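*Asks:* Starting from the known structure of chain W, arrange chain D on it as the hints suggest.
Chains as they are written, first to last, in numbering that gives the first Met the number 0: chain W, 0 to 294; chain D, 0 to 294.
It is worth saying that the hints were derived from the structure and are not from the lab. Quick caveat, the model's predicted, so the values are computed rather than measured. Possibly wrong hints are sitting among the right ones.
Identical chains blur together in the list; that is why a pair holds if it fits in one copy or across any two.
DSSO-like, lysine-lysine: derived pairs with alpha carbons at most 30 angstroms apart [stated by the list, open to error]:
| no. | residue 1 | residue 2 |
| --- | --- | --- |
| 1 | Lys-136 | Lys-147 |
| 2 | Lys-193 | Lys-147 |
| 3 | Lys-150 | Lys-119 |
| 4 | Lys-193 | Lys-35 |
| 5 | Lys-136 | Lys-119 |
| 6 | Lys-105 | Lys-234 |
Protein chains: 2
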Amino acid sequence: MAPSKITSKEQVHELLNNYDTFVFDCDGVIWLGDHKIPGAVESIELLKKLGKQVIFVTNNSTKSRQAYTKKFEKFGLNISKEEIFGSAYASATYLQEFLKLPKDEKVWVLGESGIQEELKELGYESIGGTDVRLNEKFDSNTTPFLPKDPKVGAVIAGLDPNINYHRLAITLQYLQDPNVKFLATNIDSTFPQKGLILPGAGSIIESVSYSSGRTPIACGKPSQNMLDAIVADKKLDRSRTIMIGDRLNTDIKFGNDGGLGTLLVLTGIETEENVLKTGAPKYYADGLGVIGELY
Amino acid sequence: MAPSKITSKEQVHELLNNYDTFVFDCDGVIWLGDHKIPGAVESIELLKKLGKQVIFVTNNSTKSRQAYTKKFEKFGLNISKEEIFGSAYASATYLQEFLKLPKDEKVWVLGESGIQEELKELGYESIGGTDVRLNEKFDSNTTPFLPKDPKVGAVIAGLDPNINYHRLAITLQYLQDPNVKFLATNIDSTFPQKGLILPGAGSIIESVSYSSGRTPIACGKPSQNMLDAIVADKKLDRSRTIMIGDRLNTDIKFGNDGGLGTLLVLTGIETEENVLKTGAPKYYADGLGVIGELY
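Next comes chain W alone, as it looks inside the complex (with noise of 0.2 angstroms):
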């Protein structure tokens, strides 16, 4: 079936007739980079207001769901950290639902404080992670992360800026016991920032998963490990959830793999002809502002 634009008063009250969940990627959606994009944010508010379910998705793991609140707000936005779900907790409920590790048994991070943070909502004690010794030049002799925790039952691995030998070094030794569960956060080869091209988590974990000849569990965008995690934390009806983004590859993807409803906004990198020749999305619309517009 064609995807059907979003145009008129009819179409906006059959969405809300026809969905509960809103899931929403936020870059090219709500945002652009540092911009706001118009109506998105009147939109949201009108759901919230009509007592729908919104909750945010995205790949970004070095910043806690509490700390992406902030985000947010600086855009006009009052979201809670309950309606955030971000890769680094994504991976924690994925640890937690799907690989059902044991609460005494801790968790190797090669990532920021997002992924530390989230394991530590859920019960889990992380070591590695932001530690300041890990800035240390490695030296096998005089590491205090060597010889390995033996409570270690995990690996998780995100976005890190503080990349080093160290870090790497470490993580391979852990990852060497096939009965620690290896997760990647998300795969994403690079990231836009600043109008450069900058290497991902992807990219990071490239580098371990070649050491060790492991391909971690991937819970990001546009894995159904990220949707699957979503679903059991929040109890969603599929069947009355639809996914929100700009991306047809991924969050189109990623909502259609899942049985999700979808809707394509035209706010970021696709065009009205790609949208209507591959025909993925359920809707589309010039943007998510349409809906506060029309409604």
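*Replies:* The following block gives chain D in isolation, referenced to the frame of chain W:
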């Protein structure tokens, strides 16, 4: 033809009659970590006395050939820079001989001083590498390495104990230009050190390979690019050259694929059973020492 085990004076003389150039892998052949392998030094000295050309091949790119001569000294072997062929030198030679990089273009180095020194010897200017300013935390606004140097025509990447996000980010900026050539000193995923398995050059390179979506030209063993660089540099006759090593899947494959004679020594990781099962090398021996002992 089944591999011939060298156990007699006649076989040693056959070997000496058949070959003028002896190319050696080092670890497992001459030394094992910090330990000398019995008789190996004496055999090498005999070969040199008989006027044979000896070449020592190593994938270690952190040291230049000059610096590597000191390792031989430790074992009582007086080996000159010209008799050593490291992966850093192989990469620099490959850049000059096969990729024909003009001498007024620069090379961005992700790796250690070995690469920079070998480039300098060939008359190339390098940037990056061990520059201490790269040890600072990456900030796109303050890094002295942006904007990119338009004179950079190639990237050489290798093992880098100082790997950090700053180095990965700037390397990626250069690799985004498809006109910039991309070479890897070697792609070993790990290497053994003091009872640990540590991340090798390939694990560093894999990170920038993944972020850039590019595959480097690999110069170390077992890549034939290494052998091509040696043959070009030393003007060797392949039919009169023999490769001596302790590993079937790297050293012996390297020699066989390149049309050299091959001699496997059992002082490294292979068993006689394996050698006979695969039938891969032309000759094999209990150790390099047999040449001196049986001569």
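*Asks:* Are the hints correct? Go through all of them and say.
*Replies:* Each hint tested on the structure:
no. : hint               : verdict
1   : Lys-136 to Lys-147 : both (18 angstroms within a copy, 28 angstroms between copies)
2   : Lys-193 to Lys-147 : between (39 angstroms within a copy, 15 angstroms between copies)
3   : Lys-150 to Lys-119 : within (16 angstroms within a copy, 49 angstroms between copies)
4   : Lys-193 to Lys-35  : within (16 angstroms within a copy, 54 angstroms between copies)
5   : Lys-136 to Lys-119 : both (27 angstroms within a copy, 27 angstroms between copies)
6   : Lys-105 to Lys-234 : within (27 angstroms within a copy, 57 angstroms between copies)
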